[in-house]
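Listed here are the chains, written in short residue letters.
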Amino acid sequence: MPAPYDAIVIGGGHNGLVAAAYLAKAGRKVLVLERRHIVGGAAATEEVFPGFHFSVFSYVVSLLRPQIIRELDLPRHGLELIPLEASFLPLPDGDSLCRWEDPHLTRREIARFSPKDAEVYPEFGLAMRKMAWFTKAIIDQPPPAPGSLKPGDLAQLLSLGRRFAGLDRDMLYLNLQMLTMSAADFLDRWFESPVLKAPMSVSGIIGTYLGVRSPGTAYVLLHHYMGEIDGAFRAWGFSKGGTGGVSLAIANAARSFGAEIRLEAPVARITMRDGSASGVVLENGDEIAARVVLSSVDPRRTFMGMVGKEQLPNSFVEHLSRYKFRGSSGKVNLALDRFPDFASRPGIGPHVRGDIAIAPSIPYLEQAYDEAKYHAFSRRPYINAVIPSVVDPTVAPPGKHVMSCFVQYAPYHIKEGAANWPEHREAFGDAVVDTLAEYCPGIKDIILHRQVLTPWDIEQAVGLTEGNIFQGELSMEQLLFLRPVPGWSRYETPVRNLWLCGSGAHPGGGIMGAPGELAAKKILAGRKV
Amino acid sequence: MPLPTPFFPRTSQLCTSLLWKDWAGYYAVRSYDTYMEREYYAFRHTAGMVDVTPLYKYEVGGPDAALFLARVMVRDAAKLKIGQVTYLCWCDEAGTVIDDGTIARFDTDKFRVTSAEPSLAWLMRFTRGYRVEIEDITDKVSALSIQGPTSRSILSEAAQMPLEDLKYFRFKGARIGNQDVVISRTGYTGDLGFEVWVENAGAIPVYDAILGAGEPYGLMPAGLDAMDMARLEAGFIMNGVDYYSSNHCFLESRKSTPYELSLGWTVELDREPFNGQRALKAEKEKGPSRALVGLLLDWPELETLFAQSGLPPELRRGAWRDPVPVYDKAGRHVGQATSGTWSPTLKQNLALATVRSEHAAIGTELDMEVTVEYRRLRATARVTKKPFFDPPRKKS
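Chains as they are written, first to last, in the working numbering: chain A, 1 to 529; chain B, 530 to 925.
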């Protein structure tokens, strides 16, 4: 009897949905199986308290690929993005720095701290855009396969090589510096003001268990500038109604192409026949067959949890066991009775229509990391906050606000053991609120509700191993043809007919959708289904 | 949000059109009237006064100030006399232009630099080893440009002193409206004209005194739209319009050397090392691959093209700066016209263009794209000597 589905996608997060939409669009019969009661995975909106809609986990759309927006026609399916207009840095001494879309305004802001930096800032931006132009070619195709002699692979390497050679010499040197340096050291080469360097450096550490002075973090700075290359699509932003809006739009697109999405349908394991994946068994015992299975779940859960290591080559298992998750961040979502005034710039001004960083200096950030290194959460953490209700009133009752705080560091492995996180959850929440109160003195009085998510909570809620928001660290040794396992980076796995399509595959995490898109395209191009 | 300049209390009262633009982070009047033509004619027949405060201004001082400027700029500032101003550009090590502007020498060890773009960080990069101090005075010093045939009489009256002896590209101190000012015989219109520099605190009295003195001489506040027409007649290039600072170019091919901008005359090559010298020597030897030229459009041909659509020839209002391609007579793409205007004074349709060197000789006939009734056509454009408009009074 032929399988009822061409493809089953495990996990209805944004990447699983993107993969399903592409396969369905190509005429394949697709079933998406989502464990939770809503789609979205870590890109979901939930009304945690009545009237307050939280982007519970992921809170800004990072680099949703323009071709996905275009090819799945996401705006027609409900995607509405609101650009982030500013990056605001309140300082403990009552001063502040805000970086804007308007270059003159930004120059004046930076010049208060360093007239030199103010002028170097756009030059840095240009250099980063040039570099990002090169990097973009990498994230929009499967990773190159070094050593492969297949004509297609060689052609891809050659075209990347040409693009690399097309960078002028200064850019090549810069590229090498970025590959090897820490974010802090790299920024030291350009800027003198600590006030500017601190908030810029944090793009290098988000989601990693590394500090701004750890080598290798410079490269991740580029991610921030990749969005500018796709500037016309304004893919950096808030999703209207919360981050879940992105997932809903992709789900709508997938359904419009005929994909079936089943909620509250947790997969227990992947079934095998003759060494190939043949379908899945749900936790309720239902067995569903399909010609191929795509997993958007992270690699460890997929292989150790749903396949079983006895089915896998030993070397693969070994590599996989060394793949680093090391979740290092938590999330605190606040429902607020009114707008929280920042001492340095009170009121609802344009400065809060973007992201707000608590990152007053490089030593502050490094100190936060020091605590995490020894398996404790930072008493004074780096916080990236957004108040989406300022630009999108649909997410809170009139006059009330929601504040979403991404908090680093909150290591998964605390001294007391990850399973004991619940005992420390509120202390962690208090540390975050105490930190915020140093910049927003009145905030404690206006908190109506507080949702604290430790990395352990994130793992429990959405299944991200060790609470790593990227399904595995975005560090150099786990990127490109090394992600997630050397030799298995192109969405194929040692199990025939089982494919990876989540952030644990190239090019990694964030609401990009690229792993889902590239996996589906690879499957279709190879006529695997 | 841009900032107001110190003249804003006056200019905002006078700008009845509400036509403003952002110039280097300041509010700047595009035209006081809804149509800029009156202001343009003031430059050529009486005088117009433009608030040019947003120009970037730097004070460069110290025993090595002259040596330092000579090291970073294409011209040898050490040769500048006290009280003299010069126009020049500065380059990166590859010899491509970062910006153009002026230097004025106030004393043996004191200069003032003006530029179109922020330049402090770039200048600071080279100070090591020089006894020099650089101060950004952009937000401290206001400036008015009074341009046109009656400008000298107006300022003589406002300053209560004769200005006949103030030669072209010279400056001197004066008092206007009880304020200390510097008057330089410089400008961006190619006419007889002056620029008045004053500390911010004195801006309003100076403005009032000049406007008052100018009344019988037909002085009129003028905006950037009118000045854009005048600068094109004068053949002056603009950073960000006719060329791009090498600091901002994504593509190498967008960058330009001084020779390619036809600013070779500002380059003093044979002297102590300066920024870009080696690259510029090589460039001069092999010859630049392109040139920035003036173009005059052939009016009868334009008339014919319009007539073919049943139209009389249409003129665009004011200056334009959306580039159009330029072709040789064989139809090959050889460059682009980057800005242009109808010249009400010369009764000519003129443009600035960058073209391949072999097409840059005066008199060469090229084709420039023109749009007639939504159709893209080509009309003959002749390479012409710049400045297009060069009245004797400019230097007299």
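No lab work stands behind these hints, which were simulated from the structure alone. Check each hint, because a few of them may be wrong.
Claimed, not checked - Straight-line C-alpha distance at most 25 angstroms; calculated BS3-like pairs for lysine-lysine:
{"id": "1", "chain 1": "B", "residue 1": "K639", "chain 2": "A", "residue 2": "K116"}
{"id": "2", "chain 1": "B", "residue 1": "K610", "chain 2": "B", "residue 2": "K924"}
{"id": "3", "chain 1": "A", "residue 1": "K116", "chain 2": "B", "residue 2": "K669"}
Since the structure is predicted, the reported quantities are computational estimates derived from the model, not experimental observations.
Going through the hints against the structure:
1. Proximity of K639(B) to K116(A) is assessed by CA-CA distance (about 21 angstroms); at most 25 angstroms being required, the pair is judged to hold.
2. Using a Cα cut-off of 25 angstroms, the hinted pair K610(B) and K924(B) holds, with the two alpha carbons roughly 18 angstroms apart.
3. Restraint check: the Cα-Cα separation between K116(A) and K669(B) comes to about 18 angstroms, which is no more than 25 angstroms; the hinted pair holds.
Comparing the model with each earlier hint shows no violations; every hint is respected.
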